[in-house]
Every structure is written in C-alpha cells, then in structure tokens.
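Take -11 as the starting number for the sequence shown in my numbering and just add one per residue.
Just so you know, these hints were derived from the structure itself, not from any lab. Errors might be hidden in some of the hints.
[Stated by the list, open to error] Straight-line C-alpha distance at most 25 Å; calculated SDA-like pairs for lysine to any residue:
1. Lys154 x Arg131
2. Lys65 x Val54
3. Lys154 x Asn128
4. Lys154 x Asp106
5. Lys154 x Val186
6. Lys154 x Leu129
7. Lys188 x Leu165
8. Lys154 x Ala176
9. Lys154 x Asn101
10. Lys188 x Val168
11. Lys188 x Asp134
12. Lys188 x Thr172
13. Lys154 x Val95
14. Lys154 x Arg126
15. Lys65 x Gly53
16. Lys154 x Asp140
17. Lys188 x Tyr155
[Unchecked claim] Derived CB-CB ranges, DEER-like:
18. Gly160 x Glu64: 33 to 41 Å
19. His81 x Arg131: 21 to 29 Å
20. Asn69 x Arg189: 15 to 23 Å
21. Cys199 x Glu64: 43 to 51 Å
22. Gly80 x Ala170: 37 to 45 Å
23. Tyr155 x Arg195: 16 to 24 Å
24. Asn128 x Gly190: 33 to 41 Å
25. Trp108 x Glu64: 32 to 40 Å
26. Arg189 x Gly80: 17 to 25 Å
27. Ala194 x Asn101: 27 to 35 Å
28. Asp55 x Ile192: 44 to 52 Å
29. Asp55 x Ala163: 14 to 22 Å
These figures come from a predicted structure and were not determined experimentally. Where is the CB? At the ideal position from N, CA and C, for every residue including glycine.
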Amino acid sequence: DFGHRTAHSIRGSGQRASFHWIKQRRPWQYVAAAADRRRLGDFLRRGPHGRRRDTAEESRIGLAGVDEARLGGLVEKIVDNDIAIMSHGPGGHRLILNIRNQCAAGVRLISGNDGVQDAWNPLQRPDMLERAYIMAYRNNLRRDNDIENVIDIVTYGNATVIGDRKYGLREGGSADLVLVDAETHVVAVVHRPPRYLVMKRGRITARNGECLV
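Just need the whole structure built from these sequences, with the hints factored in.
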C-alpha cells in the first residue's frame, strides 16, 4: 500500500547500513534496516532526521541479534524516540525479536510480510491472521494475553505507524473488516478459519472465500 520507495546508504569506518524511505502521502515513514547491527546504535544516537512517531526499524537484521549487554540501552533509546519495531516472525535459523520482552519494555511493535508468494519465498501469504499465528508460534506464546498482544501488533500497531486514524470498528471508521467463525479473536488466530465475509470501505468484496469484485 505504500506509494513510493527510495533507498540510500550511509557509510562510515568501513561499515554500511541501508535505510529505506517509505512514503504514503503524509506522514513520511522511515524504516532502517541496519545491515550491520553495530550501526543501529549510531542511527539511534543521531535520530531519524528529527522524526519520531512515524519511524520504524526492521528488527530481524537490526535489533534481534544485539547482545544482552547492549540491548537494554538500545531499547531505552527506541522507547525514548518512539520508534516502532518491525518483526514478521522469520523462520529457519534466523534470529527473532522477543515480542513479550519488547511489549513489557513499552516498545511499539508492527508486523507484515517479507514479500508475497514471490521467488524469494513462495510460502509468504498476505494473511494477517496467519502472520499473527506465525509470530506467536515463533515466540512460543501460549497464553491468551500474549496472543492478544500479537493481534494488537498486526492490527492497531500497523495502522498507527502508517497514520491511519480511521482504523478500527468504530463510528466514522473505514468499515474495513473480516468476519470469521470463532468464539474469540484469540481462537481465530489459533484456528485461522475460512473468511466468512470481507468488507472494504463498507463494500462486501468476498464471501465464503469467493471474491466478488
């Protein structure tokens, strides 16, 4: 959904960290994917050009691998600068951010897909219920409140970072919703039932798995 992307790199002392600018009208979002984890601290000390609330960092290669001795200080800077952290629950041997610890520390978390069924990874699907399940599974989250935190991350957390003030089930909202047959939203993540109905801006776009547009 992002309208424009550019990228540039900064170099210093033989190190390199790549930064990806993401624009969706207003505000600007800033995503820092630090190729070298040591550069993440430099980025936090400099600050993202004075931007705070609209800033995010892709954690799998930036924050997840930071040693415990430095992690506490970095997390404090992240919270102080109100920077959101992105994690999609990567599989395999790759490092993963500890969601429970980051939530407890007050870090804003967001999530999404690293590509959608492309040559890079054909298993990636644009299904946020499935993404919530993967994140909970990779973090060994089993309690209802922990899974509820993941649900909040993939819904309201994402909406906050992209500046969507109309998100949510409320009067005056965007009327975007998905209906599933589940006793609670936690059960919906656990079982990921078929989508009974999908609505976009008040218009029904799918019913019983069949696209209507």
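Going down the list of hints, with the structure as the test:
1. Our distance criterion of 25 Å between C-alpha atoms is broken by Lys154 and Arg131, whose separation comes to about 30 Å.
2. Simply put, Lys65 and Val54 have alpha-carbon atoms about 14 Å apart, close enough for the 25 Å limit, and the pair holds.
3. A distance of roughly 32 Å separates the Cα atoms of Lys154 and Asn128; the hinted pair therefore is violated under the 25 Å criterion.
4. As the CA atoms of Lys154 and Asp106 are separated by approximately 31 Å, the hinted pair breaks the 25 Å bound.
5. A distance of roughly 17 Å separates the Cα atoms of Lys154 and Val186; the hinted pair therefore holds under the 25 Å criterion.
6. Our distance criterion of 25 Å between C-alpha atoms is broken by Lys154 and Leu129, whose separation comes to about 30 Å.
7. Simply put, Lys188 and Leu165 have alpha-carbon atoms about 7 Å apart, close enough for the 25 Å limit, and the pair holds.
8. For the suggested pair Lys154 and Ala176, the alpha carbons sit about 23 Å apart, so the restraint of at most 25 Å is met.
9. Between Lys154 and Asn101, the direct Cα distance comes to roughly 22 Å. Compliance with the 25 Å bound is thereby established for this hinted pair.
10. The suggested pairing of Lys188 with Val168 holds, with an alpha-carbon distance near 15 Å, which does not exceed 25 Å.
11. With a CA separation close to 28 Å, the supplied pair Lys188 and Asp134 exceeds the 25 Å bound.
12. Straight-line distance between C-alpha atoms of Lys188 and Thr172 comes to about 22 Å, which keeps the hinted pair within the 25 Å bound.
13. Pair hint Lys154 plus Val95 holds up; C-alpha atoms about 23 Å apart against a cutoff of 25 Å.
14. Proposed proximity of Lys154 and Arg126 is contradicted: the alpha carbons are some 31 Å apart, above 25 Å.
15. Of the supplied pair hints, the one linking Lys65 and Gly53 holds, its CA atoms being roughly 17 Å apart against a limit of 25 Å.
16. Note on Lys154 and Asp140: the hinted pairing holds, with a Cα-Cα distance of about 16 Å set against a maximum of 25 Å.
17. A threshold of 25 Å between alpha carbons decides the hint, and for Lys188 with Tyr155 the separation of about 12 Å falls inside it, so the pair holds.
18. For Gly160 paired with Glu64, a C-beta distance near 37 Å keeps the hint of 33 to 41 Å intact.
19. The given range of 21 to 29 Å is respected by His81 and Arg131, whose C-beta atoms sit roughly 26 Å from each other.
20. Restraint check, Asn69 to Arg189: a C-beta distance of roughly 34 Å breaks the suggested window 15 to 23 Å.
21. The given range of 43 to 51 Å is respected by Cys199 and Glu64, whose C-beta atoms sit roughly 46 Å from each other.
22. Look at Gly80 against Ala170: about 29 Å separates their beta carbons, and that is not inside 37 to 45 Å.
23. Under the hint 16 to 24 Å, the C-beta atoms of Tyr155 and Arg195, about 23 Å apart, fit the expected range.
24. A hinted range of 33 to 41 Å holds for the C-beta pair Asn128 and Gly190, which are about 39 Å apart.
25. Here the CB-CB span from Trp108 to Glu64 is close to 34 Å, well matched to the stated 32 to 40 Å.
26. With their beta carbons about 38 Å apart, Arg189 and Gly80 fall outside the hinted range of 17 to 25 Å.
27. For the pair Ala194 and Asn101, the supplied restraint of 27 to 35 Å is violated, since their beta-carbon distance comes to about 19 Å.
28. For the pair Asp55 and Ile192, the supplied restraint of 44 to 52 Å holds, since their beta-carbon distance comes to about 50 Å.
29. The hint said 14 to 22 Å for the Cβ distance between Asp55 and Ala163, and at roughly 46 Å that hint is violated.
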